[in-house]
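Take these sequences, add in the hints, and give me the full structure.
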Amino acid sequence: MTEPADTKRTVLRPEAAQHGCADTDANDAAGAPALELLWRTTLALPLGGLAVLALPPFSFFPVLVLAFGGFFLLLEGVAPAAAAILGWGFGFGFFVTGAQWIAESLYVDGGRLGWLAVPAVAGLSGFLALFIAAAAWAFARLRGRGTSGALLFASLWTAAEWLRGHLLTGFPWNLAAYAWTDYAAPRQAAAVVGSYGLSLLTVLAATLPAVAILNTSGRDRRWAILIAGIVVAMLLSGSLRLSSDDSGKATGPIVRVVQGNIAQALKWLPERRAATVERYLDLSSRPGRYDVLLWPETAFPGFLEENGAVLDRIGTLLPRGAHLLAGTPRRTAEPEGPAYWNSIAAVDDHGRITATYAKHHLVPFGEYVPWRGVLPIERLVAGLGDFSAGPGPRTIPLGGRAVGLSICYEAIFPGAVVDREERPTWIFNATNDAWFGTSIGPYQHLASARMRAVEEGLPMVRAANTGISAVVDGFGAVRASLPLGETGVMDAPLPLSLPPTIYGRFGDLVLVPLFLAALGGAWAVQRPAKPSRRGASASQSMEKPG
Numbered sequence: 116m117t118e119p120a121d122t123k124r125t126v127l128r129p130e131a132a133q134h135g136c137a138d139t140d141a142n143d144a145a146g147a148p149a150l151e152l153l154w155r156t157t158l159a160l161p162l163g164g165l166a167v168l169a170l171p172p173f174s175f176f177p178v179l180v181l182a183f184g185g186f187f188l189l190l191e192g193v194a195p196a197a198a199a200i201l202g203w204g205f206g207f208g209f210f211v212t213g214a215q216w217i218a219e220s221l222y223v224d225g226g227r228l229g230w231l232a233v234p235a236v237a238g239l240s241g242f243l244a245l246f247i248a249a250a251a252w253a254f255a256r257l258r259g260r261g262t263s264g265a266l267l268f269a270s271l272w273t274a275a276e277w278l279r280g281h282l283l284t285g286f287p288w289n290l291a292a293y294a295w296t297d298y299a300a301p302r303q304a305a306a307v308v309g310s311y312g313l314s315l316l317t318v319l320a321a322t323l324p325a326v327a328i329l330n331t332s333g334r335d336r337r338w339a340i341l342i343a344g345i346v347v348a349m350l351l352s353g354s355l356r357l358s359s360d361d362s363g364k365a366t367g368p369i370v371r372v373v374q375g376n377i378a379q380a381l382k383w384l385p386e387r388r389a390a391t392v393e394r395y396l397d398l399s400s401r402p403g404r405y406d407v408l409l410w411p412e413t414a415f416p417g418f419l420e421e422n423g424a425v426l427d428r429i430g431t432l433l434p435r436g437a438h439l440l441a442g443t444p445r446r447t448a449e450p451e452g453p454a455y456w457n458s459i460a461a462v463d464d465h466g467r468i469t470a471t472y473a474k475h476h477l478v479p480f481g482e483y484v485p486w487r488g489v490l491p492i493e494r495l496v497a498g499l500g501d502f503s504a505g506p507g508p509r510t511i512p513l514g515g516r517a518v519g520l521s522i523c524y525e526a527i528f529p530g531a532v533v534d535r536e537e538r539p540t541w542i543f544n545a546t547n548d549a550w551f552g553t554s555i556g557p558y559q560h561l562a563s564a565r566m567r568a569v570e571e572g573l574p575m576v577r578a579a580n581t582g583i584s585a586v587v588d589g590f591g592a593v594r595a596s597l598p599l600g601e602t603g604v605m606d607a608p609l610p611l612s613l614p615p616t617i618y619g620r621f622g623d624l625v626l627v628p629l630f631l632a633a634l635g636g637a638w639a640v641q642r643p644a645k646p647s648r649r650g651a652s653a654s655q656s657m658e659k660p661g
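For the sequence shown, our numbering gives the first residue as 116, with consecutive numbering after it.
Derived from the structure by calculation, the hints contain no laboratory data. Any given hint could turn out to be false.
[Claimed, not checked] Computed spacing ranges between beta-carbons, pair by pair:
hint	residue 1	residue 2	range
1	Leu396	Arg535	34 to 42 Å
2	Thr284	Gly344	35 to 43 Å
3	Gly344	Arg535	32 to 40 Å
4	Arg516	Gly635	42 to 50 Å
5	Ala348	Phe173	22 to 30 Å
6	Gly481	Leu150	40 to 48 Å
7	Ala327	Leu150	21 to 29 Å
8	Leu624	Asn330	36 to 44 Å
9	Gly436	Ala348	42 to 50 Å
10	Arg642	Val347	21 to 29 Å
For every residue, glycine included, the Cβ atom is placed at its ideal position computed from N, Cα and C.
See the structure below:
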């Protein structure tokens, strides 16, 4: 975007700007007063960390105005290279604060990888911050300012989120949209525009108040008020969707979720495996009628389909017509050697495995080593070998209802948890958040799962080893849950599925018209106002002689 000719731009080389000279990226940072760049970066770092307070488990969304508004103001007037530095600083503060739970996961395996805790968090945060640095560079390059700049800023932030969620297998953790996870009406917008689209609306709403601080025209401020009103109306319109909430009338099947609460450091010890199996069998046998029994990711510490004795016991404990969905590793014989799969197995009341699902979105370095032939490293998690990736989302019939299956962090990927060709009536997510301990990680993970339920309009039942297990309806509300770090059983009715959502039908294609609207709005706002006829006539009359 270009600025009006009469707008004075305070760049890192103001003398060049005043003479209309175009600075190159190579000398942007060099031409900047080092002290100014230093203090701006010093502010950008904590502002990024502050933004995390808007996300679960804190969910204090007002800080977004300070965090994103402050970041927007820091970018005011700086040249592209310096903006990239500021963007990286904001991003590093955001990710190092929001993803610090990664350090805890590296202490699980007897502290074997504890020495990697700080480098891993810092390295990942520094890499993810590059996406925000690129967005900030583009923002400065396009010279966004005022209301037009706010629209551009929100669009570029969202583009960076989308790229972060797709490039190099993707890691869309802590999207800005998740600030609304605990707020019923605003989160419903994800059913229309998805979480990436909701991020655009969120960042725009948080940035527009900063426009009032800038030295912009009255026309620009009026545009800011108008656009802010539209965005707020869109966020609050979710109350209309909530008015159709009939989930309280649900008489669907009863699901029983078992939360074994097995410490990750003990789970795979040979001498503890039998005790783990007995715990799940004992908890599953508690009195009560249910239709579907749910165990977490790798709840069975071995290969369940190869253990006929345990399958027989499962068939005995299941009520007539009931099924178990259990997380378990699988292995198959392949020409090049055995293949291992992180799987969910469906078991009927006769102890027979009727269907399986293999996780398709694996964790790099945790479940497999990318470019194994090139990188001289092994998996961070000890095991027999790399897991193989399944073909993709799958829907299976279960007790007269179709269920979509997903495992662990597959639930953080918008638009990638449901088979588009065969829409299920509910989603099961088996996970093992024991790796995150009692950090903020499990709360953030649950927030992602809740937003997938909103996007698809489908209830999601989450079975987590150490928590947080939950039954979530298609509006993203938690209907029942087991707290973090507790051993227990939860019986709850399955909420009703909702009609297919716009996002559920079209996925990320809905971002196209939203981006076009935002960029079109930025262009419209920036266009110089046309002089009125009266003003033009007066101007012409003053030019006439005599």
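Cβ separation of Ala327 and Leu150, checked against the hinted range 21 to 29 Å: holds (27 Å)
Satisfaction of the hinted span 36 to 44 Å by the C-beta atoms belonging to Leu624 and Asn330: Holds - the Cβ-Cβ distance for Leu624 and Asn330, about 39 Å, lies within 36 to 44 Å.
Verdict for Gly436, Ala348 (Cβ pair) under range 42 to 50 Å: holds (48 Å)
Supplied distance hint 35 to 43 Å, evaluated on CB atoms of Thr284 and Gly344: Distance hint for Thr284, Gly344 holds at roughly 39 Å.
Distance restraint evaluation - Leu396, Arg535, Cβ atoms, bounds 34 to 42 Å: holds (37 Å)
Distance restraint evaluation - Gly344, Arg535, Cβ atoms, bounds 32 to 40 Å: Distance hint for Gly344, Arg535 holds at roughly 35 Å.
22 to 30 Å as the expected CB spacing between Phe173 and Ala348, which holds or is violated: holds (26 Å)
Outcome of range test on Cβ distance (Arg642, Val347; 21 to 29 Å): With a Cβ separation near 24 Å, Arg642 and Val347 satisfy 21 to 29 Å, so the hint holds.
Range hint 40 to 48 Å (beta carbons of Gly481 and Leu150) holds or violated: holds (43 Å)
Arg516 paired with Gly635, Cβ distance criterion 42 to 50 Å: holds (43 Å)
Hint violations for this structure: none, all hints satisfied.
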